[in-house]
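Protein chains in written order, with this note's numbering: chain V, 1 to 312; chain H, 1 to 270.
These aren't lab readings, by the way, just hints derived from the structure by calculation.
No experiment lies behind these values; they were computed from the predicted model shown.
In this text, a Cβ means the ideal position worked out from N, Cα and C, and glycines have one as well.
One thing to keep in mind: the hints can contain errors.
[What the hints assert, rightly or not] Counterexamples of contact, computed for chain V against chain H with all Cβ distances above 10 angstroms:
hint: 1; residue: Arg-2
hint: 2; residue: Met-117
hint: 3; residue: Arg-212
hint: 4; residue: Arg-215
hint: 5; residue: Arg-221
hint: 6; residue: Val-258
[As the list claims (entries may be wrong)] Simulated pairs of lysine to any residue, SDA-like, Cα-Cα distance not exceeding 25 angstroms:
hint: 7; chain 1: V; residue 1: Lys-177; chain 2: H; residue 2: Thr-230
hint: 8; chain 1: V; residue 1: Lys-177; chain 2: V; residue 2: Gly-218
hint: 9; chain 1: V; residue 1: Lys-177; chain 2: V; residue 2: Glu-204
hint: 10; chain 1: H; residue 1: Lys-38; chain 2: V; residue 2: Val-153
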Amino acid sequence: MRPLIRRLISLAVSLLVASAVIFAVVDLVPGDPASFVLGTGARPDTVAALREQMGLDLPWPVRYARWLGGVVTGDLGTSLAYKTPVADMIADRVLVSLPLALMALVLAVAVAFPAGMYAASRRGRAGDVAVMGGTQLGIALPNFWFAMLLVLVFAVRLRWLPAGGFPGWGHPLAALKALMLPAIALALPQAAILARVLRSALIETLEQDYIRSARAKGLSRGQALRRHALRNALIPVLTILGMQFSFLLAGAIIIENVFYLPGLGRLIFQAISQRDLVVVQSAVLVLVAAVILVTFLVDLAYAAVDPRLRGR
Amino acid sequence: MRAGLILGAVLTALAIAAALLSFVWTPFDVTGVSIADKLRPPSAAHPFGTDHFGRDILSMVMVGARTSLAVALLAVGIGMGAGVPLGLLAAARGGWVDEVVMRGNDLVFAFPSLVIAILITAAFGPSAVNAILAIGIFNIPVFARVTRAVALPIWTLDYVRAAQVAGKGRARISAEHILPNIASLLIVQGTIQFSLGILAEAGLSYVGLGAQPPTPSWGRMLAEAQTMVTLAPHVAIVPGVAIVLTVLGLNLLGDGLRDALDPRLKARLA
Numbered sequence: 001m002r003p004l005i006r007r008l009i010s011l012a013v014s015l016l017v018a019s020a021v022i023f024a025v026v027d028l029v030p031g032d033p034a035s036f037v038l039g040t041g042a043r044p045d046t047v048a049a050l051r052e053q054m055g056l057d058l059p060w061p062v063r064y065a066r067w068l069g070g071v072v073t074g075d076l077g078t079s080l081a082y083k084t085p086v087a088d089m090i091a092d093r094v095l096v097s098l099p100l101a102l103m104a105l106v107l108a109v110a111v112a113f114p115a116g117m118y119a120a121s122r123r124g125r126a127g128d129v130a131v132m133g134g135t136q137l138g139i140a141l142p143n144f145w146f147a148m149l150l151v152l153v154f155a156v157r158l159r160w161l162p163a164g165g166f167p168g169w170g171h172p173l174a175a176l177k178a179l180m181l182p183a184i185a186l187a188l189p190q191a192a193i194l195a196r197v198l199r200s201a202l203i204e205t206l207e208q209d210y211i212r213s214a215r216a217k218g219l220s221r222g223q224a225l226r227r228h229a230l231r232n233a234l235i236p237v238l239t240i241l242g243m244q245f246s247f248l249l250a251g252a253i254i255i256e257n258v259f260y261l262p263g264l265g266r267l268i269f270q271a272i273s274q275r276d277l278v279v280v281q282s283a284v285l286v287l288v289a290a291v292i293l294v295t296f297l298v299d300l301a302y303a304a305v306d307p308r309l310r311g312r
Numbered sequence: 001m002r003a004g005l006i007l008g009a010v011l012t013a014l015a016i017a018a019a020l021l022s023f024v025w026t027p028f029d030v031t032g033v034s035i036a037d038k039l040r041p042p043s044a045a046h047p048f049g050t051d052h053f054g055r056d057i058l059s060m061v062m063v064g065a066r067t068s069l070a071v072a073l074l075a076v077g078i079g080m081g082a083g084v085p086l087g088l089l090a091a092a093r094g095g096w097v098d099e100v101v102m103r104g105n106d107l108v109f110a111f112p113s114l115v116i117a118i119l120i121t122a123a124f125g126p127s128a129v130n131a132i133l134a135i136g137i138f139n140i141p142v143f144a145r146v147t148r149a150v151a152l153p154i155w156t157l158d159y160v161r162a163a164q165v166a167g168k169g170r171a172r173i174s175a176e177h178i179l180p181n182i183a184s185l186l187i188v189q190g191t192i193q194f195s196l197g198i199l200a201e202a203g204l205s206y207v208g209l210g211a212q213p214p215t216p217s218w219g220r221m222l223a224e225a226q227t228m229v230t231l232a233p234h235v236a237i238v239p240g241v242a243i244v245l246t247v248l249g250l251n252l253l254g255d256g257l258r259d260a261l262d263p264r265l266k267a268r269l270a
């Protein structure tokens, strides 16, 4: 079988199993959503009618198949709490969560690459020790606490950026400003991890023979590092970057709560407290599917970075 | 770096000592509410000040250390207890067993601990046990992966071949020859997961998916501090610093142990 086809099949299987796990767990939830919607005073026949309308009287394989069919066609049902289509709600929220995660990823890379390259080029010297000490601190920082400190300094004291809320993409500049502090809070701990990985990978490649050759032919340390070592150090960095994107998506769930951002994470929390399981089920699936998809793309990216891995 | 190892050990010991001491003694009673003393800044009587109920923050942080350390430690136990045997099995059997274990791992890995916690909470309601389960489940593939990766090369070594020739089964070889050889690496990974567990527990309690009131926990203290952070910053700063120092200590300890246990790594990476 062609490698790409094999990978696509394995991707499809992963997504299918993940959806089954999510469905099973949400299905385990005690309590009947229909009686929850109607309250304790509802008459039994009213509850039964709503159960039928919601499809809750059907056996679980049918309900699972219906949900899965809905996922494929984009019809995820209607939210019990808001009476609006779940797909629309999720789409709205993704428009906040995804840009936030991407901004954080870009910020993390923008900080981590210079820091990691600098530390690797100064290996063992004061600059290296300082950067590495800083990254230890960055890794130990809970991002939501860092977020609170950022709000305290940049929103409350200096009043440069908003402390929370989201004006919507109708006001692009205000929207970007609203995502700025959340993105920094998400990015810094990830940048610390990334810088450390990049530094180790660079140091390892710098000891290879072809770097010695490059130096022998007259390249400076910095040139050898940028032109030859960096590209070869990218594989472990890509692995971490892929994993980090999923951490950023998950981390965004907490950060959205600090900044009252209407993202996917806040939606999931609201839906849980309102027992709006139709929403929980699909929103969690979107999150998990995103993680699986990113892992898949990282696998493909390996082949692009390292020709030796092509065809495997 | 020897200094890192020592600093890490000291910080870790400090956190554990604070948690243990809180069972027998805290400066003030953490259940004692005294509204008259609320939101006091640090003073001689209350070195870290008081919170919105007038409770002594130093005492709260000490008791909170119990929750954080216990949750993270039990989660490491779950991860090791299930992950290490799975990794050993995958390495010992290879073939389709390996494939199934590793694909299963990838699947679990696609569920960040926060998402697992959300699902468990949706099904059973929030509690500290959920946090342990959620972080523990997330730890399983981590340990399985590390175990498999370091166990695989050992299977090709001569003394393992010799044990096979002598008629020992794969399970026995895994237990008697592979496990002792990878134990040090597992301890290092355990330290790292322990520190990640403390961060995860803090995050989960912060959003209300972990320890429930009245159990004090660092994450919940931060959640409660959020609305008062402008009035009394110390309420938010102290628990955060406690988390940072504990996690920093465990990370330094893990790095130091790795260097001490595996000089080859040190030569390559230090």
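A quick look at each hint next to the structure:
no.: 1; hint: Arg-2; result: 19 angstroms, holds
no.: 2; hint: Met-117; result: 16 angstroms, holds
no.: 3; hint: Arg-212; result: 17 angstroms, holds
no.: 4; hint: Arg-215; result: 19 angstroms, holds
no.: 5; hint: Arg-221; result: 19 angstroms, holds
no.: 6; hint: Val-258; result: 7 angstroms, violated
no.: 7; hint: Lys-177/V with Thr-230/H; result: 21 angstroms, holds
no.: 8; hint: Lys-177/V with Gly-218/V; result: 46 angstroms, violated
no.: 9; hint: Lys-177/V with Glu-204/V; result: 39 angstroms, violated
no.: 10; hint: Lys-38/H with Val-153/V; result: 23 angstroms, holds
Of the numbered hints stated above, those contradicted by the structure are hints 6, 8, 9, listed in ascending order.
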